[in-house]
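Respectively, the protein sequence lines represent chains A and B.
So that you can map any letter, position 96 of the first sequence is 96 in our numbering, and since no number is skipped, the others follow by simple counting.
Throughout, our numbering is defined as the position within the second sequence, counted from one, plus 1000.
If you're looking for bench data, these hints aren't it; they were derived computationally from the structure.
Any given hint might turn out to be false.
[Claimed, not checked] Label-pair distances were calculated between CB atoms; the ranges are: (1) B:D1162 <-> A:K229: 51 to 61 Å; (2) B:K1374 <-> A:T7: 28 to 38 Å; (3) B:G1373 <-> A:Q454: 53 to 63 Å.
[Claimed, not checked] The calculated DSSO-like cross-link candidates involving lysine-lysine, where the alpha carbons are at most 30 Å apart (straight line), are: (4) B:K1143 <-> A:K375; (5) A:K374 <-> B:K1146; (6) B:K1192 <-> A:K192; (7) A:K146 <-> B:K1131; (8) A:K333 <-> B:K1273; (9) A:K333 <-> B:K1435; (10) B:K1131 <-> A:K143; (11) A:K146 <-> B:K1370; (12) B:K1229 <-> A:K333; (13) B:K1464 <-> A:K192; (14) A:K425 <-> B:K1333; (15) A:K146 <-> B:K1374; (16) B:K1146 <-> A:K370; (17) A:K143 <-> B:K1192; (18) B:K1051 <-> A:K146; (19) B:K1375 <-> A:K143; (20) B:K1143 <-> A:K464; (21) A:K435 <-> B:K1425; (22) A:K143 <-> B:K1435; (23) B:K1143 <-> B:K1370; (24) B:K1143 <-> A:K425; (25) B:K1143 <-> A:K131; (26) A:K143 <-> B:K1374; (27) B:K1146 <-> A:K465; (28) B:K1072 <-> A:K146; (29) A:K425 <-> B:K1146; (30) B:K1051 <-> A:K374; (31) B:K1051 <-> A:K273; (32) A:K375 <-> B:K1192; (33) B:K1435 <-> A:K192; (34) A:K370 <-> B:K1370; (35) B:K1333 <-> A:K131; (36) B:K1375 <-> A:K146.
[Said to hold, decoys possible] Calculated Cβ distances over 10 Å to all of chain A for the following chain B residues: (37) Y1185; (38) A1235; (39) S1312; (40) R1320.
Each residue gets a CB set at the ideal place from its N, CA and C atoms; glycine is no exception.
Given next are the chains, with one letter for each unit.
Number of protein chains: 2
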Amino acid sequence: MLNLHLTDRSALPAYMQLYTQMRDQIRSGGIPYGMRLPSVRSLMQQLGTSKTTVESAYHMLLTEGYAVSRPKSGIYAANPFGASQPAPPSAGTDRTLSGPLPKGPAEEAHRIDFRPSAVDAQLFPMRSWRKMLHDTLDRSGEKINKYGDPQGEYAFRTVLADYLRNSRCVVCVPEQIVVGTGIHYSVGILAKLFAGIGRIAFEEPGFAPVREHFNQYGFRIEPVPVTEKGISVEALEQSCAEAVYITPSHQFPTGSVMPYPERERLLRWAQTKNAYIIEDDYDGEFRYSVKPIPSLQGLDRDGRVIYIGTFSKVFTPALRMNYMVLPLTLVEKMNNVNYLFDGPSRIDQWAMQSFIEQGHWYRHIRRMRKTYGKKHHRFIGLIRDYLGEHVRITGHSAGLHIQLTVDTNRTSGILVERAAAEGVKVYDLQEMWMKPVPSERPQIYLGFGGVSEQQMEEGIVLLKKAWEGLWEEA
Amino acid sequence: MLNLHLTDRSALPAYMQLYTQMRDQIRSGGIPYGMRLPSVRSLMQQLGTSKTTVESAYHMLLTEGYAVSRPKSGIYAANPFGASQPAPPSAGTDRTLSGPLPKGPAEEAHRIDFRPSAVDAQLFPMRSWRKMLHDTLDRSGEKINKYGDPQGEYAFRTVLADYLRNSRCVVCVPEQIVVGTGIHYSVGILAKLFAGIGRIAFEEPGFAPVREHFNQYGFRIEPVPVTEKGISVEALEQSCAEAVYITPSHQFPTGSVMPYPERERLLRWAQTKNAYIIEDDYDGEFRYSVKPIPSLQGLDRDGRVIYIGTFSKVFTPALRMNYMVLPLTLVEKMNNVNYLFDGPSRIDQWAMQSFIEQGHWYRHIRRMRKTYGKKHHRFIGLIRDYLGEHVRITGHSAGLHIQLTVDTNRTSGILVERAAAEGVKVYDLQEMWMKPVPSERPQIYLGFGGVSEQQMEEGIVLLKKAWEGLWEEA
């Protein structure tokens, strides 16, 4: 007999008491998975309660997957997240899912993952960041109990504006900056400020998540081809777009960099069409062996550029902090639209302000740039050594990823598959296309930020093994 | 002669070099506000540059407010944020604002602010939170360089699910929880999940920011009157709403609590109409001298309730962290809609997980409840002592604010004004109405979370002084 009790003194109704007690016992193992649960009638008798009570509790357990019903046999305890678990029986209720619940983030199955978004964990400035948090909490005093400025802490934005001017030639005052939690946060705000705009051009291939996000907000997407000089301004000029999203410092995913003349032409387009340019400078801080090109925003004299930057690459994606610099017209518009904001923790903003003010930030960037420069050099060297003339490396003048064009007549899908079979995760450029077109040679992109030099070598050796035999005959 | 230099070796074009140098000198005081700047011609000569270069730089300085043009006199350096600063001259460009830029959050002008959203700064568990952050960073290891689960850290959601079950009778599994940065974040996600829903009912009066946010997303708002038992379910049944946003544990702003029978009736409405109920339990942890009523979500057997809670009241609004519990149907829908998320810092989520797991959270809530219970008791006592029979107190069984109905024939606006003249900020209930109706007696709401007991007494004494003479003749 199960250990179950109903009481009048609970705030919960009887069916809820029964449901929670049984569920908790299933969760804790008190009722083991697979055990047959008492029949409705016997539980009614044991607890002296109504049929409705027992049936309601069972109904909840069934629809949440803590129990499964086997026809002509009874109801059995089950692990709702068990891999071998059948989907909960459809009881025709709203609570029933068509499949098992997702199980949280899947465990990484690859030994080596050339994930473009990963950064180097060893480089995180653990000691100084801990000190910043510590000191910031010490000094927070009465500020700690208030909401603060939804656009971001003003003093933090002041420090950010200085950094952006010094490092990225971004011209702005703190009033133009919106501190956020990531690119989707920024896009959410832009979607409101862009009321009246119908069509947005995107690089093709381009960063699919942002494209999809704008699409969800109801904008029409116009794909515009990417050349070795970034987005084709000529093609953009032919389009009907009223805004464009680009990654001119290091195009995602191809890695191309937009040269100065193209930038000027793009700005002229925006000025003529009264269009907006969203400049996503996601990894503009990292640049190797080429003269830095200032941000588009800094070249813009007509308030057409929205600049977006992030702490995810230079600092850590775990912090979830980014910023957007709006032209003054959009600042004005923003001030008339309330309730846009739920930005990052004030405490983190205070800590980051100190981190920058005290010089840690600049030192950290220099260190990152140096380490990534070294890793980048090594990465290119390894690819040349092991994959040789079978691949062409492009997009490697900046950032944390490169593009490979592979000399084979197989598809990029095959290349990804073969690599995966050797335990190496590489990324298919096709997936970043809105309307994929078959390219003459398959293209793959790989990030080197999150792998150690040793993993890097191991990964490239495995790639050689995976792809050998696929090479096009010379 | 100003210290300005142009060089070919800069990454910036000449006009940008000139602009940034002049602006930085104006900012640093090298060029004092009010100083007349050189004429275009003389700068051209000094720098050996073109007219376009100088004019472009001046144009940027003018439109950003670092310079002002005085007709027939010249161009003068200016403080773009100076109070006595005239608006930048309209040069017919997109960069010109119609007024001066906002200056960041305004300084609080009131001596005592009964702000309903403020919490007690003294109660923030500084030591233990610092320790959690410290330990969490120590243990973060390789996790620190990855994005993590956009829905929120899975282990944190597991701990949250347990807390919600134990404390608020919320029935859920971690897969149903979405960790966010605040109510606007949650509303942004719901707005997408509610595709197909046209009308949402709101409490009238109700929490205006959420109402306005849904309105901005294109939903039709149906105001439904609030009684002493929360939203009028009877009126809701007459409406065409397909969803309703409510604060049943402590209605905002009136403070009424929805009794059990009304909750059951509301759930029946949702089941019959296939409608959703958004339960915002913003301060449900605080409850005085009344038996706790479990969350609506815990009573829901049909997956109609979305539960939203926050760390802003019990912990601190500075953290910007909240959570939403979705019914399983919406979880399924959510899993099919990508790119919704940019939640709070992973580091903060790990720290909060430890804070809860190690028991700090429960201790903290008990301490908060005790302190707020005491403050609440004192607050009611002071109001009765000083304002006596001239006011009626309602909505005081829970939460961090109460409602006053004042015995006067003046408007609530007058009451707020008179209070402000004495340095006390109180809040006008009218502002939370969608379509304000004149009430027989004006209504004011006051929060006591953010004021000390001493400020509380001082504030009530000043309120008596402010409102004396306005009382209705007996």
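A quick look at each hint next to the structure:
At roughly 55 Å, the beta carbons of B:D1162 and A:K229 sit within the given window of 51 to 61 Å. Between B:K1374 and A:T7, the C-beta spacing of about 31 Å keeps the proposed range 28 to 38 Å intact. For B:G1373 and A:Q454, the Cβ-Cβ distance of about 59 Å falls inside the hinted range of 53 to 63 Å, so the restraint holds. In summary, the hint linking B:K1143 to A:K375 is supported, as the alpha carbons are separated by about 20 Å, within the 30 Å threshold.
As the CA atoms of A:K374 and B:K1146 are separated by approximately 21 Å, the hinted pair is consistent with the 30 Å bound. A hinted pair counts as satisfied when its Cα atoms are at most 30 Å apart, and B:K1192 with A:K192 qualifies at roughly 14 Å. For the proposed pair A:K146 and B:K1131, the alpha carbon gap of about 22 Å is at most 30 Å, so the pair holds. This hinted pair does not check out: A:K333 and B:K1273 have alpha carbons roughly 39 Å apart, beyond 30 Å.
This hinted pair checks out: A:K333 and B:K1435 have alpha carbons roughly 25 Å apart, not beyond 30 Å. Annotation: proposed proximity of B:K1131 to A:K143 holds, straight-line Cα distance about 20 Å (limit 30 Å). Of the pairs offered as hints, the one joining A:K146 and B:K1370 holds, with about 21 Å between alpha carbons and a cut-off of 30 Å not exceeded. Using a Cα cut-off of 30 Å, the hinted pair B:K1229 and A:K333 is violated, with the two alpha carbons roughly 40 Å apart.
The straight-line distance between the Cα atoms of B:K1464 and A:K192 is roughly 45 Å, outside the 30 Å bound, and the hint therefore fails. Between the alpha carbons of A:K425 and B:K1333 the distance comes to roughly 29 Å, so the proposed pair stays at or under 30 Å and holds. Between A:K146 and B:K1374 the alpha-carbon distance is near 21 Å, which keeps this suggested pair within the 30 Å criterion. Our distance criterion of 30 Å between C-alpha atoms is met by B:K1146 and A:K370, whose separation comes to about 21 Å.
Pair hint A:K143 plus B:K1192 does not hold up; C-alpha atoms about 34 Å apart against a cutoff of 30 Å. Among the hinted pairs, B:K1051 with A:K146 is inconsistent with the structure: their alpha-carbon atoms are about 51 Å apart, more than 30 Å. Annotation: proposed proximity of B:K1375 to A:K143 holds, straight-line Cα distance about 20 Å (limit 30 Å). Restraint check for B:K1143 and A:K464: satisfied, since their Cα atoms lie roughly 29 Å apart, inside the 30 Å limit.
Restraint check for A:K435 and B:K1425: the C-alpha separation of about 58 Å exceeds 30 Å, so the hint is violated. This hinted pair does not check out: A:K143 and B:K1435 have alpha carbons roughly 34 Å apart, beyond 30 Å. A distance of roughly 38 Å separates the Cα atoms of B:K1143 and B:K1370; the hinted pair therefore is violated under the 30 Å criterion. Taken as a hint, the B:K1143 and A:K425 pair is honoured in the structure, with Cα atoms around 18 Å apart against an allowance of 30 Å.
The suggested pairing of B:K1143 with A:K131 holds, with an alpha-carbon distance near 20 Å, which does not exceed 30 Å. Straight-line distance between C-alpha atoms of A:K143 and B:K1374 comes to about 23 Å, which keeps the hinted pair within the 30 Å bound. At most 30 Å may separate the alpha-carbon atoms for a hinted pair to count; B:K1146 and A:K465 meet this at roughly 28 Å. Straight-line distance between C-alpha atoms of B:K1072 and A:K146 comes to about 49 Å, which puts the hinted pair past the 30 Å bound.
A distance of roughly 16 Å separates the Cα atoms of A:K425 and B:K1146; the hinted pair therefore holds under the 30 Å criterion. Distance check on the hinted pair: B:K1051 and A:K374 sit about 45 Å apart at the alpha-carbon level, beyond 30 Å; violated. For the given pair, B:K1051 sits about 26 Å from A:K273 by alpha-carbon distance, which is consistent with the 30 Å threshold. A threshold of 30 Å between alpha carbons decides the hint, and for A:K375 with B:K1192 the separation of about 41 Å lies outside it, so the pair is violated.
Proposed proximity of B:K1435 and A:K192 is supported: the alpha carbons are some 25 Å apart, at most 30 Å. With a CA separation close to 54 Å, the supplied pair A:K370 and B:K1370 exceeds the 30 Å bound. As the CA atoms of B:K1333 and A:K131 are separated by approximately 42 Å, the hinted pair breaks the 30 Å bound. Between B:K1375 and A:K146 the alpha-carbon distance is near 18 Å, which keeps this suggested pair within the 30 Å criterion.
Against the 10 Å criterion, B:Y1185 falls within the reach of chain A, whose nearest CB is about 4 Å from its own CB. With a least beta-carbon separation of about 25 Å from chain A, B:A1235 lies farther than 10 Å from that chain, consistent with its non-interface assignment. At roughly 8 Å, the least C-beta separation between B:S1312 and chain A is not larger than 10 Å, which violates its mark as non-interface. Against chain A, the non-interface label of B:R1320 is violated: not every CB pair exceeds 10 Å, the least being about 5 Å.
Hints 8, 12, 13, 17, 18, 21, 22, 23, 28, 30, 32, 34, 35, 37, 39, 40 from the list above are not met by this structure, while the remaining hints are.
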